[in-house]
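Colleague: What follows is the residue order along each chain.
There are 2 protein chains.
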Amino acid sequence: MNGAESLVRTLLAGGVEVSFTNPGTSEMHFVAALDKVEGMRSVLCLFEGVATGAADGYGRMAGKPASTLLHLGPGLGNGIANLHNAKRALTPLVNIVGEHATYHRAYDAPLTSDIEGLARPVSGWVRTATDARSVAADGAAAIAAARTPPGQVATLVLPADTAWNEGNGVAPLPPVPAARPVADAAIDAAARILKRGEATMILLGGSALREEGLALAGRIASKTGARLMAPTSNARIARGAGRVAIERVPYPVDHALAALKDVQHLILVGARTPTAFFGYPGKPSLMTPPGCHVQTLATPEQDLIAALAALADAVQAPRNASNVPPVERPQVPRGGAVTPEALAAMLGALLPEGAIVCDESVTTGRGFFPMTRAAPPHDWLQITGGAIGLGMPLATGAAVACPERKVVNLEADGSGMYTLQALWTQARERLDVLTLVWSNRTYAILRHELAQVGAGNPGRKALDMLSLGNPELDWVKLAGGMGVEGRRAATMDELVRAFRTGLEAKGPFLIEVVL
Amino acid sequence: MNGAESLVRTLLAGGVEVSFTNPGTSEMHFVAALDKVEGMRSVLCLFEGVATGAADGYGRMAGKPASTLLHLGPGLGNGIANLHNAKRALTPLVNIVGEHATYHRAYDAPLTSDIEGLARPVSGWVRTATDARSVAADGAAAIAAARTPPGQVATLVLPADTAWNEGNGVAPLPPVPAARPVADAAIDAAARILKRGEATMILLGGSALREEGLALAGRIASKTGARLMAPTSNARIARGAGRVAIERVPYPVDHALAALKDVQHLILVGARTPTAFFGYPGKPSLMTPPGCHVQTLATPEQDLIAALAALADAVQAPRNASNVPPVERPQVPRGGAVTPEALAAMLGALLPEGAIVCDESVTTGRGFFPMTRAAPPHDWLQITGGAIGLGMPLATGAAVACPERKVVNLEADGSGMYTLQALWTQARERLDVLTLVWSNRTYAILRHELAQVGAGNPGRKALDMLSLGNPELDWVKLAGGMGVEGRRAATMDELVRAFRTGLEAKGPFLIEVVL
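Keeping their order, the protein sequence lines are chains D and C.
Quick note: the first sequence, position 318, residue 318 per my numbering, numbers continuous.
Quick note: the second sequence, position 384, residue 384 per my numbering, numbers continuous.
There could be a bad hint or two in this list.
No copy is singled out in the list; a pair is fine if it fits within one copy or between any two copies.
To be verified - In silico EDC-like pairs for lysine to aspartate or glutamate, Cα to Cα no more than 20 Å straight-line:
no.	residue 1	residue 2
1	Lys477	Asp114
2	Lys461	Glu429
3	Lys223	Asp254
4	Lys36	Asp303
5	Lys283	Asp131
6	Lys461	Glu38
7	Lys461	Glu212
8	Lys477	Glu328
9	Lys195	Asp114
10	Lys461	Asp188
11	Lys64	Glu404
12	Lys195	Glu485
Calculated from the structure, these hints are not laboratory results.
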């Protein structure tokens, strides 16, 4: 068994069952091993940013890592933006990057580069294999690193000769540490704050935003009157009927400051003190008001659920939260122009049970939460690191992880163009992804930001740089070019019809929503 | 004048007249300054790999740097693959990467990352601006670094507050060093070798492959019988009728070894000893035969033209080279299937004078050189760093640099999919680019490489991973979705007709060539 096969068998034994690949020459033995080993699913991506974003979506939904397979430094480079998002999402991910044979690196062939240097800024763990006999153990260490709570990107660099030389069989998985417990003192401190009855906000992040954590937080809030909130961008939030509803810290600085202005105590549960996404002249970086007391109940690598359960006990929270929304879905909107409000109502009215919403709406989607809170239970996945071009890959990976659930990808046109190659993989794998592209033919967020940063009145050249018109993108053609059926909708009636068609389709479908 | 405006005016004063941009919030003041300053052309790209590849194409043709404008670490990440190619091409390029305001970085907002860490592997020079009053001087230093022979990528990281705070006016350009002269001893040593009459090859790289260097090398070869060759991948070769023809070291290791097997002396002129592109089990990394004596006449940062001129004098070369091909173009092929041979003949027959060929043909184009050597004078640009996804961006930048010349982009389908967003910029800027996509629906090179590395007989899963069929890409739709007219050609008659149409069009045109 060569090194590549020992590595693939080790990955499989460690629960890594899917590899999102874009291989090259130096990865050919790994490709042959993927071929040989039953049970490993290889999903070909035509661009590395699709592979890394899909591995992120898979990891968020499966709760365990997929692997990537990338081609040397430039292949890794193409995957960096979505690895950055995965890092910020705390997604478990085994990032495998091929490399020249160890002895070949000295010759500085054209594709040679500093792979570890490129990997480090987006990885929590980096290792370069040195020998075929230890590459399986390196792979096992990568899995353990990726799965170490709260989850991280583990990059394994794989020189070609560590794949083709004789290996040493399957390596055992090292012990994966459990989430660290929270000290009693932290629970007592949070409970004392909550009992004071002052304006307190509990900011929930990471796994605290799944059903169990939200239920616990909802009980605490019911008892103490604390407000619950989530950060602006989150890896995954459990939402919908029967679940505790939670709002997010708004993206615009002025709105965020307003949302937090009366908070006297902020309790962090796997989240960090909210900051502005960017610095703006004359505006603060921290969103908490002066004098706000920040108390950490649990950091992301700690056991958030146990901490919330202990806190619920400490404040003698009731058995059930009282802030679960009733099931009152909005009406399906009829007629008229497509507006963000009508879109939100349509989603609230028609989102199916178990839907996975991959939201890269950017400006268009800021108001989608209130109208969808009473839809049937669903998960909402966001772009966590601000690196646009995640939505379509994320939806791809989520659909691979959960083939029985409908994935709805809400996509801004500007962001969608970064990694549109994901549509091809959706067609090839017949993934059940319904994509809605908000076609406003502009980097709408930047028009707003240009004003926010006080850069003055934009002239023609500046507006040109924020406009995606001239020529207008035709998403139906783009999707068709990659084998995905598409439709254009310019009115709410057309959109609702197309949305119903897309929901009924079992496979990828794209709607260009003209705004 | 704020820092951004002082920087843009400094760029313009330093000869940087084009910026290939994909900006975000942190770059809004720079965008406003681009808007305000007359004479700076901003070219919007919908993906950063397009911006960096276009800046490479511009730099190769204009002989001076363009700038990019990228959005923090993830935006830089998306541009890394083509920066790697630009680095290997020795292209002068000012790579500007926006960053959080200096005071905001401490808050580790979602888009925060180690930008310098990401930039270093693909840059010859990296600096982060620290103050609006010195940012113009930083920009001037970046231009000087980019232009320092033989040319390099200079990355300037631009925190938002160094753009929006008050600046210090236009900064003067520091002196740019000239190419270093070659010592007489190196010229004497090369001349002595050539005079021995033993089997000698002169390997020409970089600027030695322009018309003047080739003419000098041709004269030396006429006198001494030395063979001339170029590396496998080159930034730009002057070719066509009236010019000294030169072959490249073949890509396949066995062919390269065969091409060099009788070489007793290898004289390097701005090139390096040929190596295999990848390591292969049981095959050497170096392509020179055992015992081959390698003599460096000039390294890339030296004055290659002066060195060749001195060497021509030293060997008493004749005034004119005798190895200039006569103008005998092939016939336009008629009828029949599209084959690489027929493609080569068509290019040789129809390539217009002054054409700029951006060649990312990968497997399909390996035999294009012999049939095109007698076409009218043209330039041939290749993918230098092996990072596929360069062709369409490279063509975009070359067309911006040389609006009066026809750009012909020879593009493999697999490679084209990496950065297809370039077509949109071609449509928007009405660039005169004729793209031929070799639609073989496979990573053909990898099928060959799978055998070359001895990875065994591929099974279904492995072949699937190298196949772009299922679904088949429709390049006419993809181009149409971005505003570029396209046509499909499945026979040579159809192709010749479409090629003539594309040559006559003044603007972007794409032909999907079914192989």
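Colleague: Each hint: holds or not?
Modeller: Comparing the hints with the structure gives:
1. Lys477 to Asp114: neither (39 Å within a copy, 38 Å between copies)
2. Lys461 to Glu429: The answer is between: 13 Å across copies meets 20 Å, while 42 Å in one copy does not.
3. Lys223 to Asp254: For Lys223 and Asp254, neither the intra-copy (30 Å) nor the inter-copy (77 Å) Cα distance is at most 20 Å.
4. Lys36 to Asp303: neither (39 Å within a copy, 53 Å between copies)
5. Lys283 to Asp131: between (53 Å within a copy, 19 Å between copies)
6. Lys461 to Glu38: Answer is between; shortest inter-copy Cα gap is 10 Å, intra-copy 55 Å.
7. Lys461 to Glu212: For Lys461 and Glu212, neither the intra-copy (51 Å) nor the inter-copy (40 Å) Cα distance is at most 20 Å.
8. Lys477 to Glu328: Classified as neither; 38 Å inside a copy, 43 Å across copies.
9. Lys195 to Asp114: neither (54 Å within a copy, 42 Å between copies)
10. Lys461 to Asp188: neither (58 Å within a copy, 56 Å between copies)
11. Lys64 to Glu404: Answer is within; shortest intra-copy Cα gap is 18 Å, inter-copy 55 Å.
12. Lys195 to Glu485: neither (56 Å within a copy, 68 Å between copies)
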